[in-house]
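Undergrad: These protein sequences, in sequence, are chains A and B.
Numbers 1 to 229, taken from our numbering, label the letters of the first sequence in order.
Numbers 1 to 114, taken from our numbering, label the letters of the second sequence in order.
Just so you know, not all the hints are guaranteed correct.
Claimed, not checked - Subject to a maximum C-alpha distance of 27 Å in a straight line, what follows is the list of computed DSS-like cross-link-like pairs (lysine-lysine):
1. A:Lys33 to B:Lys78
2. B:Lys33 to B:Lys78
3. B:Lys109 to A:Lys32
Honestly, the hints are just simulated from the structure, not real lab data.
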Amino acid sequence: MHIPDGYLGPITYGSLWAAIMPIWFYASHQIKKTLKVTQIPLLALSAAFSFVIMMFNIPIPAGTTGHATGATLIAILIGPWAAVIAVSIALVIQAFIFGDGGITAIGANCFNIAFAEVLVGYAIFRLIAGPRAEAADTQGRRFLIGAAIGSYVGINLAALLTAVELGIQTILHVGQDGRPLYSPFPLKLTIPAIMLEHIVLFGVVEAVVTVMVLIYLRKSHPDLLRRQS
Amino acid sequence: MKTRNSNYRKLWIGIGILILLAPIGLIIPELFKAGGAWGEWGADEIKDIAGYVPEGLKRISELWSAPIPDYAFAGWDKGVKSYIAYIISGLVGVVIVVAVSYALGKFLKRRNNG
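So that you can see chain A by itself, here it is in the shape it has in the complex (with noise of 0.2 Å):
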């Protein structure tokens, strides 16, 4: 899900950059406002969980591989906007340093799974756990189940996104050969090839991770889900 330099053309890289801009800042301006100067290390501890759980790929096999993100369950914890920031950051050093993802292509990465993925994942969970008041009840059953189903479709969206992005390369931009420019592989090609996969196990695997470690916090560390949610 990591879209590499050249896959997408400029239009798209380029709306997508322009996109992300005033979310970070919107982001930013959130955490200024909420977060508090004792939940930094949160925000580090979350970055650095989404960046060591992706390293984690799972087979199809025979296939490709894939891996969790990490994305609703940070939102869950430290909040949708400074999970916007820290999934962010993991996916921003992935490019850089490690090649994961391209450079010109960050803003499409963080645009799918730091923001869309986070805010819908996100979403999906309170409507599921309940309003605030609620949602702070993470002994509930409707705590994790809002989790699970939150961070299974939230991925699945980044995964859509991904596919629909790549997938209109061939639409977008043609050579003067009639070959395609960027991402060869058309719509009717990417969609299948992306959300199979996600639906069928990667999905399943980020509800899983967002589970056991909620599963995890709760007995070991609750005050820290009790004040976030």
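Mind docking chain B on chain A? Use the hints.
TA: Coordinates of chain B only, in the frame set by chain A:
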């Protein structure tokens, strides 16, 4: 305060354990003969799949050379050496991510409180 700090310490240890276990993310895909992620192929692989390398893709993909491409070191791309490189990459990545997070967090809060 003391309990909160030790609480975080436990979570940092958790991150450390994940870094040490990260090679699982290489070993299991190798066992199942799985390749990389869909749509994250290099120019060479694109040529195998699509039959040619799109012009723009080639140009933009050469823009940036990451210092530690694919969490691997040159010549250390197979077997145990690749696992060691993966752990070191994880450590380097986490250290940078944490440093950036603290710097940004402190910067935002300082402006707020100042």
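Undergrad: If a hint holds in the structure, say so; if it doesn't, say that too.
TA: We went through each hint and held it up to the structure:
Of the pairs offered as hints, the one joining A:Lys33 and B:Lys78 is violated, with about 47 Å between alpha carbons and a cut-off of 27 Å exceeded. Note on B:Lys33 and B:Lys78: the hinted pairing holds, with a Cα-Cα distance of about 14 Å set against a maximum of 27 Å. A distance of roughly 6 Å separates the Cα atoms of B:Lys109 and A:Lys32; the hinted pair therefore holds under the 27 Å criterion.
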